[in-house]
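Peer 1: As you go down the protein sequences, you meet chains A and B in turn. For the first sequence, the positions run 178 to 289 when my numbering is used. For the second sequence, the positions run 65 to 175 when my numbering is used.
Simulated from the structure, these hints should not be mistaken for lab results. Careful: at least some of the hints might be erroneous.
To be verified - Below are the PhoX-like pairs computed for lysine-lysine, each with C-alpha atoms no more than 20 Å apart in a straight line: (1) B:K133 x B:K116; (2) A:K248 x B:K162; (3) B:K67 x A:K234; (4) B:K133 x A:K234; (5) A:K234 x A:K248; (6) B:K162 x B:K67.
As the list claims (entries may be wrong) - One side of the interface only, derived from the structure: several residues of chain B facing chain A at Cβ under 8 Å: (7) S143; (8) T147; (9) I164.
Cβ coordinates follow ideal geometry from the N, Cα and C atoms, glycine included.
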Amino acid sequence: NAGVTQTPKFQVLKTGQSMTLQCAQDMNHNSMYWYRQDPGMGLRLIYYSASEGTTDKGEVPNGYNVSRLNKREFSLRLESAAPSQTSVYFCASSGQGNTEAFFGQGTRLTVV
Amino acid sequence: LAKTTQPISMDSYEGQEVNITCSHNNIATNDYITWYQQFPSQGPRFIIQGYKTKVTNEVASLFIPADRKSSTLSLPRVSLSDTAVYYCLVGYGGATNKLIFGTGTLLAVQP
Numbered sequence: 178n179a180g181v182t183q184t185p186k187f188q189v190l191k192t193g194q195s196m197t198l199q200c201a202q203d204m205n206h207n208s209m210y211w212y213r214q215d216p217g218m219g220l221r222l223i224y225y226s227a228s229e230g231t232t233d234k235g236e237v238p239n240g241y242n243v244s245r246l247n248k249r250e251f252s253l254r255l256e257s258a259a260p261s262q263t264s265v266y267f268c269a270s271s272g273q274g275n276t277e278a279f280f281g282q283g284t285r286l287t288v289v
Numbered sequence: 065l066a067k068t069t070q071p072i073s074m075d076s077y078e079g080q081e082v083n084i085t086c087s088h089n090n091i092a093t094n095d096y097i098t099w100y101q102q103f104p105s106q107g108p109r110f111i112i113q114g115y116k117t118k119v120t121n122e123v124a125s126l127f128i129p130a131d132r133k134s135s136t137l138s139l140p141r142v143s144l145s146d147t148a149v150y151y152c153l154v155g156y157g158g159a160t161n162k163l164i165f166g167t168g169t170l171l172a173v174q175p
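Chain A extracted, bound-state conformation:
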């Protein structure tokens, strides 16, 4: 059972480049989340999807877009990367109405 899988694990982008972070879960969870964590800081919610077909903004959505492709997959896109988006990005999933979330191993993104 893989749980939550994120790709890639590491990425370096130049300012202005675009990229998509992929996330997939195999636990049949309804809800999925994208967080960012800056060095020495807590997690901040970027976007979340309470169920397939729905997405909503979190605390820091500016500069990002998301797609809930199907129940398993939730992708995060940076259209024009900026150095301020250098961070570790975590994807998570949880069952409907459940606050027990399962996290991926993270994607370490550097924008130069």
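Chain B: place on chain A using the hints.
Peer 2: Relative to chain A, chain B alone:
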């Protein structure tokens, strides 16, 4: 979701019991209290969840007073491997399932 307040950091020694308190004054009737543990370079991991009174599992206990405006995570006999950041999260994950993490408490366990 209810805003939470935790100490920024705590120090302890191996073998001691550690209690980390979280304040959540505006907790809603349906909200649950959930604690997570995060090691460096890893995603957070669920530890324990409760609604009222006391909950215990194989790694921790969670104490919640009657007014539910605070909660205390208790880690018995900590070891060096318990050094981590601990997050308190309050919510019910209902229709919106929006999970907001606070700043967390860095627990440093020394020999």
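Peer 1: Taking the hints in turn, state whether each one holds.
Peer 2: Structure-based check of each hint:
{"no.": "1", "hint": "B:K133 x B:K116", "verdict": "holds (10 Å)"}
{"no.": "2", "hint": "A:K248 x B:K162", "verdict": "holds (17 Å)"}
{"no.": "3", "hint": "B:K67 x A:K234", "verdict": "holds (18 Å)"}
{"no.": "4", "hint": "B:K133 x A:K234", "verdict": "violated (27 Å)"}
{"no.": "5", "hint": "A:K234 x A:K248", "verdict": "holds (18 Å)"}
{"no.": "6", "hint": "B:K162 x B:K67", "verdict": "holds (13 Å)"}
{"no.": "7", "hint": "S143", "verdict": "violated (23 Å)"}
{"no.": "8", "hint": "T147", "verdict": "violated (15 Å)"}
{"no.": "9", "hint": "I164", "verdict": "holds (6 Å)"}
Checked against the numbered hints above, the structure breaks hints 4, 7, 8 and satisfies the rest.
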